[in-house]
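*Asks:* Read off the chains here:
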Amino acid sequence: MYVETAMVIVLIIGIVFVGWAIFTVRRVKKQILEMSDALEDIKNGNGNRRILAETHELVAPLAYKMNDIVLSYESRLSVYHQTEEANRQLMTSLSHDVRTPLTTLIGYLDAVHRGIATGKERDDYIETARRKAHDLKEYIDVLFDWFKLGSNEFSMNIVAADLTELTRNALTCWIPIFEDTQIDFAIHIPEQPFRVRIDPDGYMRILNNLIQNVLSHSHGDKIEIALSQQNGKIKILLSDNGVGIDKEDLKHIFERLYKCDKGRSEKGSGLGLSIVHQLVEKMNGTITAQSIPGEGTAFTILFPSTDD
Amino acid sequence: MGKYVIETKNLTKQYGTQKSVANLNIHVKKGRIYGLLGRNGAGKTTTMKMLLGLTQPTSGEVAIWGRPLVANEKRLLPRIGSLIESPGFYPNLTATENLRIFATLRGVPNRNAIKNALDLVGLPYKDKKLFSQYSLGMKQRLAIALAIMHDPELLILDEPINGLDPIGIAEVRSFIRTLCNERGKTILISSHILSEIALLADDIGIIDHGVLLEEESLAELEAKSSKHIRFTVSDTAQAARILECGFCENQFTIQDGHNMQLHNLNISIGKIVTAFVENGLEVSQACTCEESLEDYFKRVTGGEGIA
Numbered sequence: 001m002y003v004e005t006a007m008v009i010v011l012i013i014g015i016v017f018v019g020w021a022i023f024t025v026r027r028v029k030k031q032i033l034e035m036s037d038a039l040e041d042i043k044n045g046n047g048n049r050r051i052l053a054e055t056h057e058l059v060a061p062l063a064y065k066m067n068d069i070v071l072s073y074e075s076r077l078s079v080y081h082q083t084e085e086a087n088r089q090l091m092t093s094l095s096h097d098v099r100t101p102l103t104t105l106i107g108y109l110d111a112v113h114r115g116i117a118t119g120k121e122r123d124d125y126i127e128t129a130r131r132k133a134h135d136l137k138e139y140i141d142v143l144f145d146w147f148k149l150g151s152n153e154f155s156m157n158i159v160a161a162d163l164t165e166l167t168r169n170a171l172t173c174w175i176p177i178f179e180d181t182q183i184d185f186a187i188h189i190p191e192q193p194f195r196v197r198i199d200p201d202g203y204m205r206i207l208n209n210l211i212q213n214v215l216s217h218s219h220g221d222k223i224e225i226a227l228s229q230q231n232g233k234i235k236i237l238l239s240d241n242g243v244g245i246d247k248e249d250l251k252h253i254f255e256r257l258y259k260c261d262k263g264r265s266e267k268g269s270g271l272g273l274s275i276v277h278q279l280v281e282k283m284n285g286t287i288t289a290q291s292i293p294g295e296g297t298a299f300t301i302l303f304p305s306t307d308d
Numbered sequence: 001m002g003k004y005v006i007e008t009k010n011l012t013k014q015y016g017t018q019k020s021v022a023n024l025n026i027h028v029k030k031g032r033i034y035g036l037l038g039r040n041g042a043g044k045t046t047t048m049k050m051l052l053g054l055t056q057p058t059s060g061e062v063a064i065w066g067r068p069l070v071a072n073e074k075r076l077l078p079r080i081g082s083l084i085e086s087p088g089f090y091p092n093l094t095a096t097e098n099l100r101i102f103a104t105l106r107g108v109p110n111r112n113a114i115k116n117a118l119d120l121v122g123l124p125y126k127d128k129k130l131f132s133q134y135s136l137g138m139k140q141r142l143a144i145a146l147a148i149m150h151d152p153e154l155l156i157l158d159e160p161i162n163g164l165d166p167i168g169i170a171e172v173r174s175f176i177r178t179l180c181n182e183r184g185k186t187i188l189i190s191s192h193i194l195s196e197i198a199l200l201a202d203d204i205g206i207i208d209h210g211v212l213l214e215e216e217s218l219a220e221l222e223a224k225s226s227k228h229i230r231f232t233v234s235d236t237a238q239a240a241r242i243l244e245c246g247f248c249e250n251q252f253t254i255q256d257g258h259n260m261q262l263h264n265l266n267i268s269i270g271k272i273v274t275a276f277v278e279n280g281l282e283v284s285q286a287c288t289c290e291e292s293l294e295d296y297f298k299r300v301t302g303g304e305g306i307a
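Residue numbers (full-length UniProt numbering), protein chains in the order written: chain U, 1 to 308; chain Z, 1 to 307.
In silico BS3-like links for lysine-lysine, alpha-carbon gap of 25 Å or less:
#1 Z/Lys74 to U/Lys30
#2 Z/Lys115 to U/Lys65
#3 Z/Lys29 to U/Lys43
#4 Z/Lys74 to Z/Lys49
#5 U/Lys43 to Z/Lys3
#6 Z/Lys30 to U/Lys43
#7 Z/Lys74 to U/Lys29
Just a sample of chain U residues kept apart from chain Z, beta carbon distances all over 10 Å, derived:
#8 Glu138
#9 Ser155
#10 Gln212
#11 Gly232
With the C-beta cut set under 10 Å, the calculated list includes, among others, these residues of chain Z facing chain U:
#12 Arg100
#13 Gly107
#14 Glu153
#15 Ala239
No lab work stands behind these hints: they were computed from the structure.
Here a beta-carbon is modelled for each residue, glycine too, at the ideal position from N, C-alpha and C.
Input sequences plus hints: build the corresponding full structure.
*Replies:* Listed below in structure tokens is the structure:
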């Protein structure tokens, strides 16, 4: 009697256990099938595919780990794809930025060649063509710099230099231009030297690009350049009283090919500020921009001082 | 696998005698944002419901990732995240508890899926607030969290910005953009707001009275609707010189040896054409394109104001 009851209980437990085991095996089998299906898809290049599992399931840790791996590869691939996309955009805008001025240049030369223009007009045409050729060369130089910076082939000659002197030298070329274009300027450069380790040519290029940017795009009539030293850093502040930059645009101004005015009225490669940004970073500095639309924009560059 | 993530063939839905969606053929490409643009009642939601198998089409087919949706729902639907009208959340549970129920039912891609999804839409994790106490905007955020919780490859979002404040709208917009640009997700989004679609979508399908009027990339649409004068001439180099010398004009772009666009509409076409011809150029086409995207939308939908 006692033994029979025990046997029945054991039997029932056995049946329940076998039933549960069969159920589990079936379920896991189905999940493994689904996982292998998803993995096949991932293998074929679909990095967005995820394996879904409920947190308490047997296969969950495995599924989650696979998702982690796929995700980490996917994010690395995504950087690559974005670069590719940026290059594609660059090619498109390049073909436009080069084709239009080049075709126009050819237009002038053809007119001379065919004898359409004679005398003074002919000379004017040749002069215009020459000027356009120089503009194009300048654009292509900028482009090459930018490519070199991007692929780390830009050679830097980092030396100990006095920033106040470099800044004064750079500005001497600009002052006549400010006067010609009737732009008020205020320059504050202290007497004592500010010693930093930078590439002097690179620094010149940074200043020139920033000032050129103010002249071409700000529509302001006042520019201020100030050097100061604080907390072991040299600060270069360059501000204007121009149209300013919208908050939304401000986030992107150091990105390549970003142009605030979507119209075509303003010429520019869209690379100037991107080059500035890369140069500053390569010299261990930082650059930030603040702007109030309608009141002006201020660029702040910080370089570590080597005075102490 | 087909070329498109979503492809429909003559998709039709008829309610009584009225065709809500008629012979719709849309093509959603991988890794792009497709904006379904239409006025209220144009058939956007019905289309999306048919794409998700929530309602049966009267005729026509839906293929997702190249597979017919019919009979493959169980394999395809888990890979899609969707937001159609308001999902059925339990009013007496918190946001986290609601999501946990769905996580148990559908499975998730990692252990922190619920927290990640809530973080992404800016709702607190393990908050005590019940769903019934949520504002409209918070409910919408939770619905978006549900749509993205399982990290789907394809998102189908029906008017996702409904009920959100301006900051919320900007957040959702940039978040959708990031999903597409950085994670390569495919997104189908519907809206009746033209400017919203223009900010977000790569491809646009304009739908009106259940009929797809236009399906094009935003770039093509913008090119179509940008303001310019188009010239086709025998020699663009000479044309460029004449514009510069004769009209002091340098706002033009040259496409190739024969086609160019002038971006200043204030110059009379007649004068330019005369100058071109006088200089021995053949002008085979000159036309003004000055329709804004909004004008264009109004024209193709045949309707009045939309904003």
